[in-house]
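Taking the hints into account, I'd like the entire structure generated from these sequences.
Chains as they are written, first to last, in our numbering: chain A, 1 to 432; chain B, 1001 to 1432.
Keep in mind that the hints were calculated from the coordinates and are not lab data.
Backbone N, C-alpha and C fix where the C-beta goes; we use that ideal spot for every residue, glycine too.
Fair warning: there could be bad hints in the mix.
[Claimed, not checked] Pulled a few chain A residues facing chain B out of the computed Cβ check, cut under 8 Å:
| no. | residue |
| --- | --- |
| 1 | 64 |
| 2 | 65 |
| 3 | 132 |
| 4 | 150 |
There are 2 protein chains.
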Amino acid sequence: MGKKESIGIGLMGLGVVGSGVAKTLLEKEDAIAQQVGCPLKIKRILVRNPARKRTIEVSAQLLTTDPQQILSDPEIDIVIEVIGGETEAYEYIKEAILRKKHIVTANKEVISKHSLELFTLASKNKVDVRYEASVGGGIPLISPFKRDLLANNILAIHAIINGTTNYILTRMAKEGLDFDPALKQAQELGYAEANPANDIDGVDAAYKLAILATLAFRTEIHPDDIYYEGISRLNSRDFRYAREFGYAIKLLAIAKKEKRSIQVRVHPALVPEDLLLANVDGVFNAIQVEGDMVGRVIFYGRGAGSSPTASAVVADVIQVAQNIVLGLRPKPQLKLYKAKRLIPMSRIKTRFYVRLTAIDSPGVLAQISKILGDHFISIASVIQKETDKKSGTAEIVIMTHPAQESALQKALQRTAKLAVVKEIGNFIRVED
Amino acid sequence: MGKKESIGIGLMGLGVVGSGVAKTLLEKEDAIAQQVGCPLKIKRILVRNPARKRTIEVSAQLLTTDPQQILSDPEIDIVIEVIGGETEAYEYIKEAILRKKHIVTANKEVISKHSLELFTLASKNKVDVRYEASVGGGIPLISPFKRDLLANNILAIHAIINGTTNYILTRMAKEGLDFDPALKQAQELGYAEANPANDIDGVDAAYKLAILATLAFRTEIHPDDIYYEGISRLNSRDFRYAREFGYAIKLLAIAKKEKRSIQVRVHPALVPEDLLLANVDGVFNAIQVEGDMVGRVIFYGRGAGSSPTASAVVADVIQVAQNIVLGLRPKPQLKLYKAKRLIPMSRIKTRFYVRLTAIDSPGVLAQISKILGDHFISIASVIQKETDKKSGTAEIVIMTHPAQESALQKALQRTAKLAVVKEIGNFIRVED
Chain A
1 MGKKESIGIG LMGLGVVGSG VAKTLLEKED AIAQQVGCPL KIKRILVRNP ARKRTIEVSA
61 QLLTTDPQQI LSDPEIDIVI EVIGGETEAY EYIKEAILRK KHIVTANKEV ISKHSLELFT
121 LASKNKVDVR YEASVGGGIP LISPFKRDLL ANNILAIHAI INGTTNYILT RMAKEGLDFD
181 PALKQAQELG YAEANPANDI DGVDAAYKLA ILATLAFRTE IHPDDIYYEG ISRLNSRDFR
241 YAREFGYAIK LLAIAKKEKR SIQVRVHPAL VPEDLLLANV DGVFNAIQVE GDMVGRVIFY
301 GRGAGSSPTA SAVVADVIQV AQNIVLGLRP KPQLKLYKAK RLIPMSRIKT RFYVRLTAID
361 SPGVLAQISK ILGDHFISIA SVIQKETDKK SGTAEIVIMT HPAQESALQK ALQRTAKLAV
421 VKEIGNFIRV ED
Chain B
1001 MGKKESIGIG LMGLGVVGSG VAKTLLEKED AIAQQVGCPL KIKRILVRNP ARKRTIEVSA
1061 QLLTTDPQQI LSDPEIDIVI EVIGGETEAY EYIKEAILRK KHIVTANKEV ISKHSLELFT
1121 LASKNKVDVR YEASVGGGIP LISPFKRDLL ANNILAIHAI INGTTNYILT RMAKEGLDFD
1181 PALKQAQELG YAEANPANDI DGVDAAYKLA ILATLAFRTE IHPDDIYYEG ISRLNSRDFR
1241 YAREFGYAIK LLAIAKKEKR SIQVRVHPAL VPEDLLLANV DGVFNAIQVE GDMVGRVIFY
1301 GRGAGSSPTA SAVVADVIQV AQNIVLGLRP KPQLKLYKAK RLIPMSRIKT RFYVRLTAID
1361 SPGVLAQISK ILGDHFISIA SVIQKETDKK SGTAEIVIMT HPAQESALQK ALQRTAKLAV
1421 VKEIGNFIRV ED
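So, in structure tokens, the structure goes:
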């Protein structure tokens, strides 16, 4: 076998991440060649509009709007997919694998929905599929599960894996902003998209959690398996009251093993202020993994952005290229040999924070605790806040002991119907 | 090539870490066999005293006091070295490599002092040497440098990598203890050894920093290259004053690149309280890595202990075993292709915290600032503390602007000779 003179790269996508990848491959060409053993050459870049003005200078000859220019080029060894979205990207990846090209992707949606099919196909075609950039930007996360934590029985994941929502929550907490102005601020700074639904509704976090939970629990967790809830219900007062109880509010992606069953969910949660997770602010991500041997480990860093994401993509590319040069077959993907047993959201037990507005009179709390008691929910503490003399109402904040989700939902429905209760302001789960 | 029926393991050492490793290999035998593709069998365990009572039950027939029983056994494919210390371990590892056995070790001293020789030997003999457990227990650290951060130019490492000292410093900070009682407490809890010198003097942290800096900067950093200083000079008052300025005090292992030169040092440092590193308490470790692409990433967890360290050892063993089963040659170690240019400690610039006792009279500060000024050191702020009416002295705490180490040392020597100065209490570098 002759020594390879260079390794051909096909880059699909030249947006925020793609530009970062192209820039790195070009600027660090020599250092990368030294690490790989031969140079990497970008042969072709797939773009939607070749005429578009870009922040990066690439030869116009490299650009194409035709995916076949990459997929059918025998000189392309590695396809980097950073166009995002589901259908197109999925089709391209699939075809590239069939044409025996290695894949490096940052696509959380495709990996979370189609990994099993793609990995099986890749294995048949003896090519590698790497996706470190799909979760947590440049923070090593896929690789720790695949390698460093292999000896562990993973017990739980608690993760802040969406920078947009964490930025908004941080502004709400630190500046007392309500949701809408905080979102607007994030949009102005480029931390939230014009259509921010995927981020603020928890969908993006659910994709990422599906990927991590699949690796952690060795069973295919699909995004549809995950209960998710966004942050738009939160109010600046919730942050103030939570702080009085000693908690921060974070959008958490949670995966836990209970005996042989698994729970997977994404929702805002009260997190004790003395935990490191509670102190992860702004656009940063932090992923806490609990293993039976390692205990709690936390991985922290920037979970998005051109350069951090390109860091993960290019590291994957270098490793694939090293294997090509060394003539090493790709290692198989992690075996998913466990049965999938999911606990439905209704059966999950947590403590709850409940905020409601009621008539400011002595018997009210008794009526509410009676209902909670009927559903086997006991109260850990209560504070009465902000009495409104004019309307004769008071805001009451209740922290419960652990209670089942379905019980709390039913109790709140009954509570809302009490004549003395004006409004259920909010309820938030607590993760201790 | 016939399929392997089992992979033979020789375990050297059955102390805290060795017991954890043996326990895991035995208790998780089935799960590990599933991941590897065939079972791992402990063939022999090297111990000093076979009669010793142990927390783990292993068949007496496995125990031996003769290293040759492991080194010359052709059925042993992987040698796990967890005896610690330098000379013996080094000799065993070397001989095992020559006999074509793969090595998994937790030995920071051997790896930090002999890695280049051992890696070269291993490469000639086509075997793997893995050492994830040598730094940070079960926290993935070696693997991120070797794989996930490959695209980065590493700019800096700031690490809390010694649990013993971090435990002591946490007690001093939270309970106002002085060094001696805090050390005693750590010893009683088993967090510090009877002879704690290696930990509290910074030697252990220097070994670990040498390993990380070698990987980060692609040049061989030897422990002798590293300036180190322990924590025994610290006083409970330093923690109190530091807090007034908004800082915590941590034993930091620091490696930084400045243009083409590198600085490597271990010493107590003032760390701004709002950094995550400042909030890493107790026996926990945290390693902050700054890369040109990824920005700052932090790895956090338990840096020592039987189970967390065994987590890293067994993960390495599983990966080596997977490669054996798949017939994959080990990947070469990271290439060290960069020239080593170290900045001597005397030329390093930091801000300084200086605590001194002087006569409580108006002209004193003028005399001290005059000397500092002579050495181009300017004062950022001063607080006068704890005036002692009886002796007519006051404690003065000075924060300087960035100054060169040698200049500060000279200025402090001159200051100590001032008639009005009773004592230089302490000086601590600041890492912003």
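Legend entry - Hint validity - residue 65 of chain A Cβ closer than 8 Å to any chain B Cβ: violated (28 Å)
Inset, instruction - Would you check whether residue 150 of chain A satisfies its interface hint, that is, whether its CB is within less than 8 Å of any CB in chain B? - result: holds (4 Å)
Legend entry - Hint check, residue 132 of chain A versus chain B [nearest Cβ-Cβ separation less than 8 Å]: For residue 132 of chain A, the interface hint holds, since the closest Cβ of chain B sits about 6 Å away, which is under 8 Å.
Legend entry - chain B contact restraint on residue 64 of chain A - CB to CB distance below 8 Å: With Cβ-Cβ at 25 Å, over 8 Å, it is violated.
In summary, the numbered hints that this structure violates are 1 and 2.
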